[in-house]
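*Asks:* Here is how the chains run, residue by residue.
Protein chains: 2
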Amino acid sequence: MNTFQLYNPTKLVFGSGTVRQLGMLLKPYGKKILLVYGGGSIQKSGLYDEVLGHLHKNGATVHELAGIESNPRLTSVQAGIELCRREGIEFILAVGGGSVIDAAKAIAVGVPYEGDVWDFFVGKAQISEALPLGTILTLAATGSEMNGSSVVSHWEAKLKRAFSSIHAYPRFSILDPKLTFSVPRNQTVNGIVDIMSHVFEQYFSQTPDTPLQERYAESILQTVVENGELALADGENYEARANLLLCGTMALNGTMNPGMQSDWASHAIEHEISAIYDIAHGAGLSIVFPNWMRYVYTSRPDRFAQYAVRVWGIDPTGRSEEELALAGIDATRDYFRRIGAPSTLSEAGIGEEQLDRMAEEAVRYGPIGSFRKLEASDVREILRMCL
Amino acid sequence: MNTFQLYNPTKLVFGSGTVRQLGMLLKPYGKKILLVYGGGSIQKSGLYDEVLGHLHKNGATVHELAGIESNPRLTSVQAGIELCRREGIEFILAVGGGSVIDAAKAIAVGVPYEGDVWDFFVGKAQISEALPLGTILTLAATGSEMNGSSVVSHWEAKLKRAFSSIHAYPRFSILDPKLTFSVPRNQTVNGIVDIMSHVFEQYFSQTPDTPLQERYAESILQTVVENGELALADGENYEARANLLLCGTMALNGTMNPGMQSDWASHAIEHEISAIYDIAHGAGLSIVFPNWMRYVYTSRPDRFAQYAVRVWGIDPTGRSEEELALAGIDATRDYFRRIGAPSTLSEAGIGEEQLDRMAEEAVRYGPIGSFRKLEASDVREILRMCL
Chain A
746 MNTFQLYNPT KLVFGSGTVR QLGMLLKPYG KKILLVYGGG SIQKSGLYDE
796 VLGHLHKNGA TVHELAGIES NPRLTSVQAG IELCRREGIE FILAVGGGSV
846 IDAAKAIAVG VPYEGDVWDF FVGKAQISEA LPLGTILTLA ATGSEMNGSS
896 VVSHWEAKLK RAFSSIHAYP RFSILDPKLT FSVPRNQTVN GIVDIMSHVF
946 EQYFSQTPDT PLQERYAESI LQTVVENGEL ALADGENYEA RANLLLCGTM
996 ALNGTMNPGM QSDWASHAIE HEISAIYDIA HGAGLSIVFP NWMRYVYTSR
1046 PDRFAQYAVR VWGIDPTGRS EEELALAGID ATRDYFRRIG APSTLSEAGI
1096 GEEQLDRMAE EAVRYGPIGS FRKLEASDVR EILRMCL
Chain B
746 MNTFQLYNPT KLVFGSGTVR QLGMLLKPYG KKILLVYGGG SIQKSGLYDE
796 VLGHLHKNGA TVHELAGIES NPRLTSVQAG IELCRREGIE FILAVGGGSV
846 IDAAKAIAVG VPYEGDVWDF FVGKAQISEA LPLGTILTLA ATGSEMNGSS
896 VVSHWEAKLK RAFSSIHAYP RFSILDPKLT FSVPRNQTVN GIVDIMSHVF
946 EQYFSQTPDT PLQERYAESI LQTVVENGEL ALADGENYEA RANLLLCGTM
996 ALNGTMNPGM QSDWASHAIE HEISAIYDIA HGAGLSIVFP NWMRYVYTSR
1046 PDRFAQYAVR VWGIDPTGRS EEELALAGID ATRDYFRRIG APSTLSEAGI
1096 GEEQLDRMAE EAVRYGPIGS FRKLEASDVR EILRMCL
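As they're listed, the protein sequences go chains A and B. Following our numbering, the numbering of the first sequence begins with 746 at its first residue and continues without gaps. Following our numbering, the numbering of the second sequence begins with 746 at its first residue and continues without gaps.
Treat each hint with caution, since some may be false.
If chains are identical, the list can't say which one is meant, so a pair holds when it fits in one copy or spans any two.
Said to hold, decoys possible - Simulated crosslink set (DSBU-like; lysine-lysine; CA at most 35 Å straight-line):
#	residue 1	residue 2
1	756	772
2	923	756
3	923	1118
4	777	756
5	923	789
Rather than coming from a laboratory, the hints here were simulated on the basis of the structure. Computed from a predicted model, the values in this text were never measured in an experiment.
Extracted from the complex, chain A is given alone in its bound form (with noise of 0.2 Å):
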């Protein structure tokens, strides 16, 4: 285990109803609140009428950002930071998913910066405050309700790049599973790959002697698999609901392998896919992830037989390591499969036109991966296999 720093200063508020709370938890912070938030599905739901309630019950003056792209993109980023600095906004809150949150986070540290704040994303600049803020979560998946990071999108450049501060955490994060009724069953499945390929980045690791957080990582794979398939067969089933959303938090929120180095290779692959093509992160985990799980395992074969047996229960009698870890990967893949996330880029109408191209870009700051350290030509390689 390495030394490490555990510290998550954000408040999670989980649970059926725990929107009421809106406007306590606001009391601390000013009356003048950015609400950013993405398409329409929040008016359909009524939330937006809720939360507009609560805001205004508090007294509250509200702005509204609309309109967040689900890669949300630096130009909205840019447009928020400007509504902020005109109208004094003195609290961000942010209402849907992942990429809601991250524009906001992306808004909250530009505001006091003079300069670009896409200097945070490409390393030109280091944070050093933020307005504060809050998120009302409506989709299992990123964890960014209960961490510093941001992900976003530089369209024109197509380039996707990611901040992590501590100065980025929310405030506060409400999550109420039945917000998450609504969400179509394709955003359900994204958000499922996408909770398993974080436990994924941090699990696959060559720092030896961490028993509970590999433990840890393997409860919280085996709760999404279970809890994925009941919340597919239902929508409205609100324990698999609640247990997804929890997921999605503990996968990212610093509590699940601290100590543990981690990859993050298959996402800086993934980005580079969804810079250029725009398709949705979990579609693009789903793809690149078989393929760099088996361009790597050898890398770690114990690792990944240990995967194959306590995360699938595959009998392990008779089996060699290596048999264990394909069979592994195999059963990620079915899995994928089986919920209806894609497994090829051709499925996703990606052809080999830009595989260069997002190869070197995914290296530009050099080799990505700690698992296995990976060069230009195998980037290139994986996204071969992901054809």
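Starting from the known structure of chain A, fit chain B onto it as the hints suggest.
*Replies:* Below, chain B without anything else, positioned relative to chain A:
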């Protein structure tokens, strides 16, 4: 799963050599520091000198409160409060195990309160503020380093009571596994039992549909069982000590069982034993828990059967739920015996003289426990089974 709030503002700094970060961690706070510790073990190990060195380099004025008891006493807490007021202390630094940290928390909440700090322990007053405190942990056990709870004994009245408050969370806790190398065998054993007991209190729950929380609990139990024996075999096994330390924190920082009702009846019973007899908390728990289990398992044999299979690896083939449940309880008792923890009150030199008094006192504020509600007669029976 129940509705819940998860909020833990403690910054955990974990790993070898992390005491060196003390000066930096203290920066946001005042320079007048009360150092709270127990016996001479931190002087013997050199930790005392190291801590004082960092404090002085940081320009701090240090006052000391030494000699905190292993069941920390109200009189020590009151002396600490007096000292803080007299010297205008701005920050409390607890260096030691759970007892020292619990005393420091009680001092922290007592300083700004006009009445007697005992009021907080008996529910006569609500905590609304506290001096900031930080900790350097030297024992894997209580989890007090990352929560807001404190247990203190009113020795004259033979009472042991607890409070929990968001204001009592340490601002930071430093956990260096090497600081636990010198923990003697019996204290290591008590720590192992203490951690497992914290998990039991939360895992044996009537709350339905908590698959992730159950798996997390099982993860901690399995990891403690394995690493407990490794640490006992070689006290300087860094990884074993690190895994125990992490398990102790994760078992009681709120992340293991959000949305699950806890029980805590066994702790209440143990508190009555150690309030009168001053035995180590872990020793009391190793006596009480297997008997509590045997008394209540019929309330939910399925959970006990799951415990047997998943934690102890007991083969379910051909065994009934009840047989599995009982096998799991036996495995618990066997493990406690194997590591040298007591299993009967008589081993601790305790007879039946005070059983009635302990039973009455345990339910002074009403029935205890939620897995099964226990009246005085139930507690008396469990204590009788402990003889």
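*Asks:* Hint by hint, note whether the structure agrees.
*Replies:* Evaluation of the provided hints:
1. Within a single copy, residue 756 and residue 772 get their C-alpha atoms as close as 14 Å, and across copies as close as 24 Å, so both meet the 35 Å cut-off.
2. For a Cα distance limit of 35 Å, the shortest separation of residue 923 from residue 756 qualifies both inside one copy, at 19 Å, and across copies, at 32 Å.
3. In this assembly of identical chains, residue 923 and residue 1118 lie within 35 Å of each other by CA distance solely across copies; the values are 32 Å between and 41 Å within a copy.
4. Both within a single protomer and between protomers do residue 777 and residue 756 lie at most 35 Å apart by alpha-carbon distance, with minima of 21 Å and 30 Å respectively.
5. Taking the closest pair of Cα atoms, residue 923 and residue 789 come within 35 Å of each other only inside a single copy of the chain (14 Å); across copies the shortest separation is 57 Å, beyond that limit.
Checked against the numbered hints listed earlier, the structure breaks none of them; every hint is satisfied.
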